[in-house]
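Novice: Here is what each chain is made of, one letter per residue.
Number of protein chains: 2
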Amino acid sequence: MRQISEFDQFLIDQYPLKEEYLHDPKRPVIYELLHVEKHTGARLGRIYTRHGVVHTPMFMPVGTQASVKNVSPRDLDEINAQFILSNTYHLWVRPGDDLIAKAGGLHKFMQWDGPILTDSGGFQVWSLSNNNKISEEGVDFRNHVDGSPMFLSPEVAMRIQNNLGSDVMMQLDEAIPYFESYDYVKNSVERTTRWAARAKIAHQRPEEQALFGIVQGAGFKALRQLSAEGLVDLDLPGYAVGGLSVGETKEEMNRVLDFTMPWLPKDKPRYLMGVAAPDSLIDSAIRGIDMFDSVLPTRIGRNGTLMTKQGRIVITNGKYKDDFSLIDEETEDFGSQHFTKAYLHHLFKANELYGQNIASVHNLRYLLKLMEDMRRAIYDDNLLDFRQDVLENYGYNKPNARLF
Amino acid sequence: MRQISEFDQFLIDQYPLKEEYLHDPKRPVIYELLHVEKHTGARLGRIYTRHGVVHTPMFMPVGTQASVKNVSPRDLDEINAQFILSNTYHLWVRPGDDLIAKAGGLHKFMQWDGPILTDSGGFQVWSLSNNNKISEEGVDFRNHVDGSPMFLSPEVAMRIQNNLGSDVMMQLDEAIPYFESYDYVKNSVERTTRWAARAKIAHQRPEEQALFGIVQGAGFKALRQLSAEGLVDLDLPGYAVGGLSVGETKEEMNRVLDFTMPWLPKDKPRYLMGVAAPDSLIDSAIRGIDMFDSVLPTRIGRNGTLMTKQGRIVITNGKYKDDFSLIDEETEDFGSQHFTKAYLHHLFKANELYGQNIASVHNLRYLLKLMEDMRRAIYDDNLLDFRQDVLENYGYNKPNARLF
Chain A
1 MRQISEFDQF LIDQYPLKEE YLHDPKRPVI YELLHVEKHT GARLGRIYTR HGVVHTPMFM
61 PVGTQASVKN VSPRDLDEIN AQFILSNTYH LWVRPGDDLI AKAGGLHKFM QWDGPILTDS
121 GGFQVWSLSN NNKISEEGVD FRNHVDGSPM FLSPEVAMRI QNNLGSDVMM QLDEAIPYFE
181 SYDYVKNSVE RTTRWAARAK IAHQRPEEQA LFGIVQGAGF KALRQLSAEG LVDLDLPGYA
241 VGGLSVGETK EEMNRVLDFT MPWLPKDKPR YLMGVAAPDS LIDSAIRGID MFDSVLPTRI
301 GRNGTLMTKQ GRIVITNGKY KDDFSLIDEE TEDFGSQHFT KAYLHHLFKA NELYGQNIAS
361 VHNLRYLLKL MEDMRRAIYD DNLLDFRQDV LENYGYNKPN ARLF
Chain B
1 MRQISEFDQF LIDQYPLKEE YLHDPKRPVI YELLHVEKHT GARLGRIYTR HGVVHTPMFM
61 PVGTQASVKN VSPRDLDEIN AQFILSNTYH LWVRPGDDLI AKAGGLHKFM QWDGPILTDS
121 GGFQVWSLSN NNKISEEGVD FRNHVDGSPM FLSPEVAMRI QNNLGSDVMM QLDEAIPYFE
181 SYDYVKNSVE RTTRWAARAK IAHQRPEEQA LFGIVQGAGF KALRQLSAEG LVDLDLPGYA
241 VGGLSVGETK EEMNRVLDFT MPWLPKDKPR YLMGVAAPDS LIDSAIRGID MFDSVLPTRI
301 GRNGTLMTKQ GRIVITNGKY KDDFSLIDEE TEDFGSQHFT KAYLHHLFKA NELYGQNIAS
361 VHNLRYLLKL MEDMRRAIYD DNLLDFRQDV LENYGYNKPN ARLF
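If you read the protein sequences in the order shown, they are chains A and B.
Going by the UniProt record's numbering, the first residue of the first sequence is number 1, and it counts up by one from there.
Going by the UniProt record's numbering, the first residue of the second sequence is number 1, and it counts up by one from there.
FYI, nobody ran anything at the bench for these hints, they're computed from the structure.
Owing to the predicted nature of the structure, the values given are computational and were not obtained by experimental measurement.
Mixed in with the good hints there might be a few duds.
Each pair may be met inside one copy or between any two copies, as identical chains are not told apart.
[Unchecked claim] Keeping only pairs whose Cα atoms sit at most 27 Å apart, straight-line, the calculated DSSO-like set for lysine-lysine is: (1) Lys319 <-> Lys200; (2) Lys200 <-> Lys26; (3) Lys102 <-> Lys319; (4) Lys321 <-> Lys102; (5) Lys102 <-> Lys266; (6) Lys18 <-> Lys102; (7) Lys108 <-> Lys309; (8) Lys321 <-> Lys108; (9) Lys133 <-> Lys102.
Just need the whole structure built from these sequences, with the hints factored in.
Specialist: Structure follows, in structure tokens:
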């Protein structure tokens, strides 16, 4: 049994878990809306899965290759991680989805008994592989490890994810640049919808794993609508908004969410892929997003950047050499509460890998706590005050408000 | 309070701690002999320090740069590590002993509240630095980080270790190759004894930190005697045997211990530097050694080699790709009890650093448990049976008995 926070326990006391959702034989993922924030429309909710119940809005740490980099499953448990993400493409290439199926599935393989979401592999095919060529059938490419030719289709993405046994599976979509022509995006969106339909048909374990569709359409309102309507017609258990956080401005992202979200059903979870900047998390939750993920906290952690209530800290900066204050008094991870900035500075300067663990766990804990506080603010109907408070401290619109 | 094993608790019940040793205002390190094994002379004992009491024979994990590589202090606590070692040379170069003194000392800096031993820095000066030149005064050299000229003398080594605040400090000695001429070794031994005398004079905190002398003399019986007698005359709180485990055979090492140990006082701890091979640990304990250290378990762990009761396992070997048995059923560290060999194989193949943590903690736990079992065998007067059992299983004189 994973640890849950005091506030999540409070929520369970306030809104008892529904027995029929816990034991629904047909639906592996069920969303329950608990409360809508009065001033913004942000959703406090929960997601029932075969591996436990989680409260939303929530952030998912990323374990790309069946391991959150330099972080143990016990660390994740201790910082109240509830749901993690792993990457289909990476696991397909190495060690292989067949091997993980033989191991008893991804949960058992990596010893994480909470829910897992896997992406479709599409994003990595576009960003990591070579010579990729898309057709109606799927994508031909060469993998980034040994250059072998591989073929990914909606059906293959489902077969792999069925082998992995993740709680939430993502359909294969085409990850396109934000600024493409209307015609290009329209064709792509229509194909992505056809791929979603094929994925649904190919799905072998619909009672154990939930398939999410991905709404695309770049910055075109009509195409986002086209995409959402096509996917909603398929009656999938959840929907993601894709093609954001790929270089567009934050205003642009908010604008797209503003006109996209109303097309999505209120009784299903909504997932915004690849976002971890505190301001974006809050602004997207305000627009009705429930789930987030990003490699950002662990990636910048490995480089010595810490996320704190007072903004970012680059621990390798010389000014921390003899700073004997705690890493971050306000964040409750073990490292932040036990080690000084001077010690963490030393570990990074001396290339001691334990420093990467401290910083990665810290950043994850910062974000998980931010989400917990956000849930509380939604419950208390004071999300806008919370937003103001977080952003003023973290440095929104201040010189250190660099977007990650 | 650090965790201790059931057997160490049993020893405390059998041989209650001596109040006067716990609170001796003058002696920071006191050795208490509890039992001598009937058939071998191996010593079951304990060492009282200002940071706790430990049972011997024992093995010290090495935290070179104020961190046991990729291992947290909590991991160390969980596997019953009792005493750790850190490297004076490395801490002197980076972050600097002054900074650690300002941090409140090494224990506080690295958040390890158990006893710490620091070496003199001499070994790294010989092995890592450039242009080193020895004189009666000390050693001139250039450091391995930025090439700065530095000077290490018996006094400097003491100043640094006084700043670090370690429980056991080592005198500066000359680390010489095993096969040098008698005359060269004799001169070196005599200088090392003079350096020990200078170190004792330079020591600023004799009531808090214990200075150990280092017996040198390569393979020459007369010179080992000369060295031991000179150092014992200084009445230091403990003694190390140096200049072994540097390429000589195991038989040669045993031979040197055989004729060296009788010269050392029975009421002081004896420390054999740089040894971690199971057969050597047992054979040296049989000859009266109480303390060991080595980077070996963490170093080979980082490369994917595991120490187990059945011998070494190289987890990157292809045969572990689909081996879904536990990493090591017989060793009680978290990783060994939760993950399969296939998973650890995958982590190493995919360059996931969490694998290094699993393997390093595992190897340390293997050795700490070996030492605990050795203490039990000494208590039970069946150390030779224990030796036979360990070595037959681990692979002594068998094809996989490669010496580390």
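Novice: Go through the copies and call it for lysine 321 and lysine 102: within, between, both or neither, with a Cα cutoff of 27 Å.
Specialist: between (49 Å within a copy, 11 Å between copies)
Novice: Could you place lysine 321 and lysine 108 in one of the four classes (within, between, both, neither) given a Cα distance threshold of 27 Å?
Specialist: between (42 Å within a copy, 16 Å between copies)
Novice: Quick one: lysine 102 to lysine 266, C-alpha cut-off 27 Å, is that within a copy, between copies, both, or neither?
Specialist: Answer is neither; intra-copy 37 Å and inter-copy 57 Å both fail.
Novice: With identical chains, the pair lysine 319 and lysine 200 could be close in the same copy or across copies; at 27 Å between alpha carbons, which is it: within, between, both, or neither?
Specialist: This pair counts as neither: shortest intra-copy Cα distance 55 Å, inter-copy 37 Å.
Novice: Pop the pair lysine 200 and lysine 26 into one bin, within, between, both or neither, using alpha-carbon distances up to 27 Å.
Specialist: within (15 Å within a copy, 77 Å between copies)
Novice: For the identical chains here, do lysine 102 and lysine 319 meet the 27 Å Cα criterion within one copy, between copies, both, or neither?
Specialist: Answer is between: at 15 Å across copies they meet the 27 Å cutoff, but 51 Å inside does not.
Novice: With identical chains, the pair lysine 133 and lysine 102 could be close in the same copy or across copies; at 27 Å between alpha carbons, which is it: within, between, both, or neither?
Specialist: Neither. Shortest intra-copy (31 Å) and inter-copy (60 Å) distances fail the 27 Å Cα cut-off.
Novice: When no copy is named, should lysine 18 and lysine 102 be tagged within, between, both, or neither for a Cα gap of at most 27 Å?
Specialist: Result: close neither inside a copy nor across copies, 33 Å intra and 56 Å inter.
Novice: Could you figure out if lysine 108 and lysine 309 sit no more than 27 Å apart (CA to CA) within one copy, between two copies, both or neither?
Specialist: Answer is between; shortest inter-copy Cα gap is 26 Å, intra-copy 35 Å.
Comparing the model with each numbered hint stated earlier shows that hints 1, 5, 6 and 9 do not hold.
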